[in-house]
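If you're matching them up, the sequences are chains A and B in order.
Per this note's numbering, residue 1 is the first one in the first sequence, and the count goes up by one each step.
Per this note's numbering, residue 1001 is the first one in the second sequence, and the count goes up by one each step.
It cannot be assumed that every hint is accurate.
Pairs of lysine-lysine, DSS-like flavour, derived with a Cα cap of 27 Å [stated by the list, open to error]:
id, chain 1, residue 1, chain 2, residue 2
1, A, Lys108, B, Lys1061
2, A, Lys34, A, Lys75
3, B, Lys1092, B, Lys1064
4, B, Lys1136, A, Lys29
5, A, Lys34, B, Lys1014
6, A, Lys108, A, Lys29
What the simulated footprint calls covered on chain A by chain B, stretch by stretch (three residues with Cβ under 8 Å from a Cβ of chain B suffice, anywhere in the stretch; the number is not a length) [said to hold, decoys possible]:
id, segment
7, 22-29
8, 55-65
Keep in mind the hints are simulated off the structure, nothing from the lab.
Every residue gets a Cβ at the ideal spot worked out from N, C-alpha and C, and that includes glycine.
Spelled out, the chains give:
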Amino acid sequence: MQWTYEVEGNRLTVRIAGEIDHHAASDLKAELDKICRRERIKHIILDLSMVDFMDSAGIGLIISRYRYTSGQGGKTVACGVGETLRRILSLSGLGRILPVYSTQEEAKQSI
Amino acid sequence: MQMDNEMTLEFPSKSQNESFARTAVVAFLLPLDPTVMELNDIRTAVSEAVTNAVIHGYGNKTGKITLRCSLSGRQVVITVKDYGAGIADVEKAREPLFTTRPAEGCGLGFTVMESFMDRLDVISQVGEGTTVRMEKLLSQAEDQHE
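Bound conformation, chain A alone:
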């Protein structure tokens, strides 16, 4: 898994590529925690358009970001969610609370 991030004010955009499993998510979660604290992030956009596999560890990752931004009075949103990811999001129930946009631009406009 590879990922890049961009901070604009209190908004963090994370673009993830590859496979999100427990192995990959553990490191990413720790890094995102550091960035969020250091940059005083309030909103997070997760760009998943380049993710080709995600198991429940990815759900755990999204939930942890959702909890963090909720605690800051902010939002976590996702974009670029393909069919396979949509299936596990729906199964987790996260699909009901996580706003999902087609593109990163749309996601940015929502915050």
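Keeping the supplied structure of chain A fixed, place chain B upon it in accordance with the hints.
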């Protein structure tokens, strides 16, 4: 294509082997020409089972995980076995969102396995380990060759 075949893998409970395990199973099943969704369901379920063995079976220790995949026609049977801690209450562990390690998981592993496969059996004994057995019948390939 119809076939009877099987494979067994044994690897240490290192988290980087989660990817190896699901990739190996996908490669093993590819000659059957499963649909993209079937393949994704199976690799997700395998990933969950192996992750459970890594996290819950062995925790901070490293132990052995045995993955077996067998085919009978288009019936796929996958077992993931660890020799670690075992599960005291399997029924409780299978409840959606139940987790003993909230920092590492969200309690959806068994729910995903159950939803993405046709059948899930969990046999566990505290101190002896856990065996997860999953079945899935692949749909008939449109273009079959003998």
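### Task
Could you work out which earlier hints the structure fails to respect and list their numbers in ascending sequence?
Numbers 1, 4, in rising order.
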